[in-house]
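S.K.: Sequence:
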Amino acid sequence: MKNLTKTIKSIRSEVRGKDMRFRIQAKAELLVQDLEEDISDEVGELMGKLTTEFTGGSEIELASYVFDQIRQALLDEIKKQLK
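Numbering of the sequence shown is given in the working numbering, commencing with residue 65 and proceeding in unit increments.
A portion of the hints provided could be inaccurate.
With a straight-line Cα cutoff of 30 Å, these simulated DSBU-like cross-link-like pairs (lysine-lysine) come out [to be verified]:
| # | residue 1 | residue 2 |
| --- | --- | --- |
| 1 | 91 | 143 |
| 2 | 70 | 144 |
| 3 | 147 | 113 |
| 4 | 66 | 82 |
| 5 | 144 | 91 |
| 6 | 70 | 91 |
| 7 | 70 | 82 |
Keep in mind that the hints were calculated from the coordinates and are not lab data.
Given only the sequences and the hints, what does the whole structure look like? Please build it.
M.R.: In structure tokens:
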């Protein structure tokens, strides 16, 4: 049991160490970058599936609004799935 406790303490210390934190941060940055690109692609695809016509205002404003709404809904769902 003492060996297990020592091993766990050693692992925890190494993971929290400066070198490993930098490695983890670098990987997280890559994942976020890829995820942001994927989310933008998916939002664009979902925008194309809308049946509502963009009328009643500036088409650019409405497209931006739609993009933001779909992106936020997608991010909310991703957060739910990650929990």
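S.K.: Looking back at the numbered hints, which does the structure fail to meet, lowest number first?
M.R.: 2
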